[in-house]
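Visitor: So the chains spell out like this:
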Amino acid sequence: MSEILSSEVVIVGGGVIGAATAYFLCKEGAEVMVIEADDLASGASGACDGFVSLQTKMPGVHLAMALESARLFPSLAEDLEVNIEYNPCGGLMLATSQEQMKELRARAKALKSGGLEVEMLSPAELKEYLPEVGKGIKGGSFCPQDAQVNPISLTLGLAQKAQEMGATILRGCQVENIVVTNNRVREVHTTAGNIHSRRVVCAAGIGSNQIGKMIIVDVPVLPQRGQILVTEQRDPILKCLVSGAEYLGTKANIPELLPTDEEAAKLGLGFTAEQTASGNVLLGSTREFVGFDSNTTPEAMNAIARNAMRFLPWVEDLDVIRSFAGLRPCSPDGLPILGTVKGVKGFYLATGHSGDGVCLAPITGKLLSELVLDGETSLDIEPFSLYRFK
Amino acid sequence: MKERKERKESKEREEGKATGEGGRGAARDALQGGRDDPWTAAWEVSRRKAVAVVDCRQEIPCDPCETACRKGAIRVGDDVCALPISEPETCDGCGRCVALCPGMAIYLIDRSADGGKAAVTVPYEMGEEPRAGMEARVVDGEGKELGRGKILEVRAMGGAAATLLVKVEVPETWALKVRGVRLRQMFIEEPEEVEGYRGTGDCLICRCEEIARAEVEKAAGSGFRSLAALRRASRVGLGYCQGRFCREPLREELARKCGRGVEELGIGSPRPPLRPVKISRLGGGDVRDTQF
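Going down the list, the protein sequences come from chains E and R.
Residue 141 in the working numbering sits at position 139 of the first sequence, and the numbers go up by one each step.
Residue 421 in the working numbering sits at position 223 of the second sequence, and the numbers go up by one each step.
Don't read these hints as lab results, they were simulated from the structure.
Just so it is clear, the structure is predicted and the values come from calculations on it, not from any experiment.
Any given hint might turn out to be false.
[Unchecked claim] With a straight-line Cα cutoff of 30 Å, these simulated DSS-like cross-link-like pairs (lysine-lysine) come out:
#, chain 1, residue 1, chain 2, residue 2
1, E, K114, E, K104
2, R, K476, E, K163
3, R, K455, E, K137
[Claimed, not checked] Among the chain E residues that face chain R by a calculated CB cut under 7 Å, a handful are:
#, residue
4, E30
5, E33
6, I256
7, E258
8, L260
9, V317
10, V346
We put the CB at the ideal spot given by N, CA and C, even for glycine.
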């Protein structure tokens, strides 16, 4: 390489987190280079549903962060040139037993004290939101602040806007090594050449562990597979996001809400449904640890379809045209890993968002830009530190 | 499943007949093979009146023939990809299906005149206008010339973008082989090989998602490296057909724009189901019964 590359900040990863970080850094006038091994949104950001779900967050810092993130979406929708299909439609979580209702009610209380609007609904009251629900549905909780977004458009839109503001995006470029001297990041060696940079943000999703190894830090992120079915396009039939309480159970590991069926528990099955702007209904989903295998499986597709009919019987008439699976960067407690690394100045982590990457991308980008440029953040990110696991 | 198998068998018979020696003889063979064969039935009925013969082999989402028929003599059924089934007895030989079939795969045959002659009506969408009384070259499904035939009648059907229906008189033995007519003048200079069709900017590459060539070109030019990335960005190939129709032109387009080989690009990552399948079927019963 004859050309010497350099940048103030290098972001490893062109997913929604990397793109959001690049966007907010560029807004502050930083010089940014995004390195993506494959293509923009080629990982989890391009293989997920568009839930911006607040009622599935843990009351406390997690919820506070999600609320901040939700506030950023409307302005993003306006600022980005790509239509991100942002739709503040609200979200419904359905319970299939009285025990689940009890748990949801307790959670609703906690979420309300955290500043979220949540309303408990009886089966009769559900009619206002859904044409028909399964016989086993005992009620649910509705959060009007939940919203949906097109995750791919969001990623591409953020990246495109960042590029417009001066960011360089290298696609098909792999990081080979990160050079640290005198306890500071100095260079990033890539397949496209060596890049001089004193600041590196690791937003590599499921690749974060590998990036961490380059500076001898163990980033505990494991790929967790989520499978989703895509149906044919229909006129609007779903007014809001719909999920089952088991979805929350498998996500946040709440024993009361875990699926009782053995096979469902093995797949980490939880019901989700949303209708995208183009009219396709996305039905999910699973949470499985199967390494880096992003294929869909007949067992899971069968289970998702069966589970969907349990909650919304009328979906039986929809044609499934495709399935896909994404590998979510899963941290041990399901919360993101944000912040600096001890002993290596200029290295920042923004990964491990598990299933919340899309929802938390705007606030993650904003916090990271504050952290990289000012050294301090408007929201305390200490609870998301890498060192909470020790 | 059983029905599909039967249909496949009858399809094989049809193919054997369409390319086999001597339409009438082959039809007689088929008659011995099974009475419910729609071609055999049509062949018999054509002794009395004009009747539609469906030679459709493309299992694609296409059903204009079903709605074209006012008598309800052609059925595609719930699976829009299924091959149409015709009922020759119900058919009144109006020719609407002939005009409306986008694949030009339906014809009328009429052997009622007798005397070893048959009148075959085929769709015609070429530039030159055929007229009754002219002599036309009659071609088979491969475009090979069978011989000459006299044009008995020319009529237009199908509304604003009408298709011409040309009725041509041919020896009875050709009746099941005729797939089109060419006028004499066009015979003079014909290229040996036809170059691939390259559409204009507003030609739809992805029919399901209605994405035009110009849009794809724009997206392909903005630095995407794989078919999957192009798909994510433009939704091209994400429709009902799962990209079965547009994958090849897309690969070519992307290869051209990013200067790589078509082979290098791969075919993306196809995911089940191969064909649209209802949730009730996908989620029903034992997982081993679930077919993709």
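Visitor: Just pull the numbers of the violated hints for me, sorted ascending.
Guide: When the structure is compared with the hints, numbers 2, 3, 4, 5, 6, 7, 8 and 10 turn out to be violated.
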